[in-house]
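Asker: Take a look at the letters that make up each chain.
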Amino acid sequence: MKRLILNLSLLAVLLASCAPVDLNAPMPIFETGIDSNAWAQIPAGEFYFGQHNEIQTTDAYEIMVTDVTAVQYADFLNAALADGYVKMDGEKIVGFYPGDEFRGVKHEEKIEAGAWLFIPLNDPSQRIKFDGSTFTVQSSYENHPMTMVSWFGAWGYCKYYESRLPTEMEWEKAARGLSTGSGSTRPFPWGEEIQLNNSNFYSSRAPFEDMKSFGSRTSPVGFYNGQKYGDYQTLDSASPYGLYDMAGNVWQWTGNVYEGMHYRFMRGGSKDVYDMDLRVWVRNNATPTYVSPGVGFRCVK
Amino acid sequence: MQFVKDRFNYLFNSTKGLILVAIAMIGLVTAAWGMLSGPMAEMGVRDWVVRVFGMDLIQAEREGRIVILYHAIAMAVIAIETYMLTGLLKMKPFFKTSINLLITVGYMLTLVFGMGFAYFGHNWAFHGLYITGLSLIFFAGILLCVALYPWDKAYHVADQEHAHLPGGVDLERVAFFAASVTTVLSALFGAMPGSYFGNGFEVFLAENVIRYPEKTTMEYSVIGHLHIMLALIAIMLTLIIGRWLNFKGLWQKVAMPLMILGTIVLNLGVWGVVTPLEPIAHMVIYVGATPSMLAALFLLIWSWNKLIKDGTVHLTKPNFLQKLKALVQDPLKFGPTWQMLFMNFTTSGIGIFMAVKLDEIFRVWPAREERIELTGHWHALSAIIATIILMYYGDMLGLKGKIRQLYGWSIIIFSDIALAGVTVFEMKRLFISEAEQQPLVNGLMYAMDFGLGMLLLLLAIVMVWRLVDLFKPKGRWTEEAAQELSEEVTK
Numbered sequence: 001m002k003r004l005i006l007n008l009s010l011l012a013v014l015l016a017s018c019a020p021v022d023l024n025a026p027m028p029i030f031e032t033g034i035d036s037n038a039w040a041q042i043p044a045g046e047f048y049f050g051q052h053n054e055i056q057t058t059d060a061y062e063i064m065v066t067d068v069t070a071v072q073y074a075d076f077l078n079a080a081l082a083d084g085y086v087k088m089d090g091e092k093i094v095g096f097y098p099g100d101e102f103r104g105v106k107h108e109e110k111i112e113a114g115a116w117l118f119i120p121l122n123d124p125s126q127r128i129k130f131d132g133s134t135f136t137v138q139s140s141y142e143n144h145p146m147t148m149v150s151w152f153g154a155w156g157y158c159k160y161y162e163s164r165l166p167t168e169m170e171w172e173k174a175a176r177g178l179s180t181g182s183g184s185t186r187p188f189p190w191g192e193e194i195q196l197n198n199s200n201f202y203s204s205r206a207p208f209e210d211m212k213s214f215g216s217r218t219s220p221v222g223f224y225n226g227q228k229y230g231d232y233q234t235l236d237s238a239s240p241y242g243l244y245d246m247a248g249n250v251w252q253w254t255g256n257v258y259e260g261m262h263y264r265f266m267r268g269g270s271k272d273v274y275d276m277d278l279r280v281w282v283r284n285n286a287t288p289t290y291v292s293p294g295v296g297f298r299c300v301k
Numbered sequence: 001m002q003f004v005k006d007r008f009n010y011l012f013n014s015t016k017g018l019i020l021v022a023i024a025m026i027g028l029v030t031a032a033w034g035m036l037s038g039p040m041a042e043m044g045v046r047d048w049v050v051r052v053f054g055m056d057l058i059q060a061e062r063e064g065r066i067v068i069l070y071h072a073i074a075m076a077v078i079a080i081e082t083y084m085l086t087g088l089l090k091m092k093p094f095f096k097t098s099i100n101l102l103i104t105v106g107y108m109l110t111l112v113f114g115m116g117f118a119y120f121g122h123n124w125a126f127h128g129l130y131i132t133g134l135s136l137i138f139f140a141g142i143l144l145c146v147a148l149y150p151w152d153k154a155y156h157v158a159d160q161e162h163a164h165l166p167g168g169v170d171l172e173r174v175a176f177f178a179a180s181v182t183t184v185l186s187a188l189f190g191a192m193p194g195s196y197f198g199n200g201f202e203v204f205l206a207e208n209v210i211r212y213p214e215k216t217t218m219e220y221s222v223i224g225h226l227h228i229m230l231a232l233i234a235i236m237l238t239l240i241i242g243r244w245l246n247f248k249g250l251w252q253k254v255a256m257p258l259m260i261l262g263t264i265v266l267n268l269g270v271w272g273v274v275t276p277l278e279p280i281a282h283m284v285i286y287v288g289a290t291p292s293m294l295a296a297l298f299l300l301i302w303s304w305n306k307l308i309k310d311g312t313v314h315l316t317k318p319n320f321l322q323k324l325k326a327l328v329q330d331p332l333k334f335g336p337t338w339q340m341l342f343m344n345f346t347t348s349g350i351g352i353f354m355a356v357k358l359d360e361i362f363r364v365w366p367a368r369e370e371r372i373e374l375t376g377h378w379h380a381l382s383a384i385i386a387t388i389i390l391m392y393y394g395d396m397l398g399l400k401g402k403i404r405q406l407y408g409w410s411i412i413i414f415s416d417i418a419l420a421g422v423t424v425f426e427m428k429r430l431f432i433s434e435a436e437q438q439p440l441v442n443g444l445m446y447a448m449d450f451g452l453g454m455l456l457l458l459l460a461i462v463m464v465w466r467l468v469d470l471f472k473p474k475g476r477w478t479e480e481a482a483q484e485l486s487e488e489v490t491k
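Residue numbers (the working numbering), protein chains in the order written: chain A, 1 to 301; chain B, 1 to 491.
Take these hints with a grain of salt, some might be off.
To be verified - Label-pair distances were calculated between CB atoms; the ranges are:
id, chain 1, residue 1, chain 2, residue 2, range
1, A, P98, B, D56, 43 to 51 Å
2, B, D56, A, M169, 52 to 60 Å
3, A, M169, B, A125, 48 to 56 Å
4, A, A82, B, A355, 40 to 48 Å
5, A, K106, B, N344, 50 to 58 Å
6, A, G230, B, E278, 38 to 46 Å
As the list claims (entries may be wrong) - Below, simulated DSS-like cross-link-like pairs (lysine-lysine); rule was C-alpha separation at most 30 Å, straight line:
id, chain 1, residue 1, chain 2, residue 2
7, A, K212, B, K428
8, B, K5, A, K106
9, A, K92, B, K92
10, A, K110, B, K5
11, A, K110, B, K92
12, A, K129, B, K215
13, A, K106, B, K92
14, B, K428, A, K106
15, A, K92, B, K215
16, B, K248, B, K357
Simulated from the structure, these hints should not be mistaken for laboratory data.
Every residue gets a Cβ at the ideal spot worked out from N, C-alpha and C, and that includes glycine.
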């Protein structure tokens with residue numbers, strides 16, 4: 001009898017492990033009140049860069065207050081397809097990238113001039129839908145960050161609107177603030193420590209996740225702004241410049257192209273990683289064609 | 001007073017007592033610090049532990065804390081291996097006493113004050129004592145090299161079944177000596193960057209810089225150091241298991257030269273990463289790893305063969321099932337080499353597979369996925385080393401009958417469930433997308449947590465038993481105080 005119970009328990013765990021995931025499970029809809037078209041002014045000046053607080057400086061620039069949303073990206077695709085900036089290539093959207101200098105360093109891969117993947121359309125995690133003429137966003141994902149977008153797709157979006165991806169330094173300065181004043185070495189955009197309702201990270205018990213089935217999912221941009229959504233009270237987690245989602249929700253592509261590397265770097269951590277990876281200096285990287293439900297971007301100008 | 005004196009004498013003046021203390025220390029650290037990450041953090045246990053113990057966890061110092069934690073545990077493991085060595089091999093009593101004394105004080109200082117410094121505020125006196133501990137372990141290592149000097153005629157062998165040179169030099173001792181000398185040198189190889197980074201420079205975890213095309217000499221040195229030290233701990237343990245099982249005959253005669261060659265070449269390859277030979281260093285490492293792994297394979301073949309022969313000696317023509325039964329009838333003798341074989345599934349095999357599939361994996365996967373694989377594979381190797389030590393320790397305890405079966409098979413089954421879970425977790429991106437992975441991740445987490453949890457529970461039971469035993473006037477400890485490992489080598 002004991003053996004039977006043990007075997008049945010093991011079988012139950014095995015079957016549960018193989019259960020299909022409903023990628024279109026109902027998503028709670030919340031209006032955050034944060035304007036995804038807003039830009040924040042970042043002044044010129046010194047700031048603490050990296051884990052070891054190296055002093056760096058940048059010129060002044062503007063950066064988007066939130067990640068680019070799915071609806072913003074759909075609008076871009078509609079406009080860009082119409083004027084030939086992007087094109088369909090089977091089940092994907094591609095656009096031109098002028099290529100990088102190849103130095104033949106170990107593990108480096110060639111990124112030549114040509115049409116590169118912006119977004120795949122046939123991936124079940126893709127929230128942008130195309131009916132043959134118009135791009136739309138899957139219902140309830142409109143104000144969520146654009147995901148399943150490659151580095152080329154992020155680069156192309158910013159370029160189309162005469163902006164660009166932030167450098168890693170610009171990204172970190174926007175998350176951390178100037179080196180003057182208290183808290184300038186903060187590890188998180190809002191301060192020294194992280195609580196579950198500061199941000200959307202792995203197993204943070206956000207209202208969008210269900211770790212028993214589909215796991216973590218994105219939250220609407222600007223969700224963690226101190227508002228109460230139903231029973232869920234968020235903490236205001238803006239950066240010193242009023243930027244949201246600079247820690248958690250989705251990794252954000254940055255614009256640097258480094259010598260001898262085809263990898264592109266991402267910052268900010270995501271819904272899929274533990275809190276340690278949400279520290280402002282933590283870097284992630286991937287090949288520029290990489291797409292993921294946990295990777296998005298924002299632009300600077 | 002005599003009560004304390006007797007127990008103290010057992011715990012710190014006998015090989016089995018010293019091993020018990022070190023295992024208990026590792027168990028305590030693993031249990032307490034295991035609550036700071038993974039599912040324990042998810043469940044909020046981490047926050048409770050931090051609050052209750054008054055830990056001071058500054059976000060920017062996480063990597064530094066982890067470096068000290070790894071060293072604290074690793075030094076205790078090295079101490080256990082050293083006790084096994086001084087208990088198994090012939091050496092002058094002065095060396096045995098001095099080595100054991102130095103390494104005991106060394107790992108205790110390292111563990112207690114290193115963890116105190118890292119997790120409970122930065123008391124710089126603690127840091128000094130941590131470094132003192134590491135230095136004492138280093139000196140113990142030098143003394144061990146002297147003690148093992150294989151060309152001393154007192155250690156020559158005449159047994160034709162035992163690998164030796166024509167003049168009588170014991171090749172097994174040469175293998176121990178080679179592993180000890182290269183361990184001491186490789187400790188220096190880590191101590192230099194350790195001093196550099198420990199003096200206010202930028203500490204880092206190797207897995208976080210692995211993709212950068214250009215690394216500094218110090219960074220290469222750290223990466224090389226951590227790889228070679230773990231490899232050397234594994235090599236030393238393989239030799240120890242061979243001595244305990246009384247590895248001899250043709251297989252040993254072939255294995256020992258291979259192990260000596262492999263150990264030396266492997267080290268040369270790793271040290272080569274900080275020289276202009278870096279571009280070919282990996283090839284040298286593969287060349288060195290191959291004979292070392294072959295030597296371990298020969299130990300496996302010999303020991304399985306022996307287990308089968310010994311277990312079927314009463315049968316005239318044993319069939320396959322009878323041979324299989326004989327092979328697995330003593331889990332503590334079968335287990336160590338089985339775990340070495342299993343390591344090829346959890347560690348070496350994955351490494352080779354990843355290298356072969358470089359274009360499809362590392363050049364495509366995000367760095368975080370690669371980090372999971374990197375940290376996973378060496379955690380798995382460390383866990384395998386720990387289980388092998390625990391199996392040998394089970395034999396030292398004199399476990400017999402059903403308890404021996406239960407203890408041995410629990411270690412094998414629980415650890416292998418956990419390690420299989422880790423392996424699939426590392427490789428999951430090959431067969432499942434990020435969006436669809438959660439049920440699989442949950443199942444794997446159950447497997448890992450169940451396996452490791454049960455393993456820790458088993459260890460806790462053994463430790464409590466040993467603690468209770470210490471309060472008995474004629475407990476098992478009284479017998480162990482007088483026993484030595486060399487007298488218990490398999491006949």
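Asker: Give a verdict on every hint.
Answerer: Results of checking the hints against the structure:
Between A/P98 and B/D56 the CB atoms are about 50 Å apart, so this pair conforms to the stated range of 43 to 51 Å. Between B/D56 and A/M169 the beta carbon distance is about 30 Å. The supplied range of 52 to 60 Å is therefore violated. At about 38 Å, the CB distance of A/M169 to B/A125 disagrees with the hint of 48 to 56 Å. As the Cβ distance of A/A82 to B/A355 is approximately 47 Å, the hint placing it in 40 to 48 Å holds.
Between A/K106 and B/N344 the beta carbons are some 27 Å apart, a value that contradicts the proposed interval 50 to 58 Å. The hint said 38 to 46 Å for the Cβ distance between A/G230 and B/E278, and at roughly 57 Å that hint is violated. In summary, the hint linking A/K212 to B/K428 is supported, as the alpha carbons are separated by about 18 Å, within the 30 Å threshold. For the hint linking B/K5 to A/K106, the alpha-carbon distance of about 61 Å lies beyond 30 Å, and the restraint is violated.
Between A/K92 and B/K92 the alpha-carbon distance is near 74 Å, which puts this suggested pair outside the 30 Å criterion. Proximity of A/K110 to B/K5 is assessed by CA-CA distance (about 70 Å); at most 30 Å being required, the pair is judged violated. Between A/K110 and B/K92 the alpha-carbon distance is near 62 Å, which puts this suggested pair outside the 30 Å criterion. Simply put, A/K129 and B/K215 have alpha-carbon atoms about 43 Å apart, too far for the 30 Å limit, and the pair is violated.
With a C-alpha separation of about 51 Å, the suggested pairing of A/K106 with B/K92 is violated against the 30 Å cut-off. A threshold of 30 Å between alpha carbons decides the hint, and for B/K428 with A/K106 the separation of about 26 Å falls inside it, so the pair holds. Using a Cα cut-off of 30 Å, the hinted pair A/K92 and B/K215 is violated, with the two alpha carbons roughly 37 Å apart. Restraint check for B/K248 and B/K357: not satisfied, since their Cα atoms lie roughly 39 Å apart, outside the 30 Å limit.
Violated hints for the displayed structure, listed by number in ascending order: 2, 3, 5, 6, 8, 9, 10, 11, 12, 13, 15, 16.
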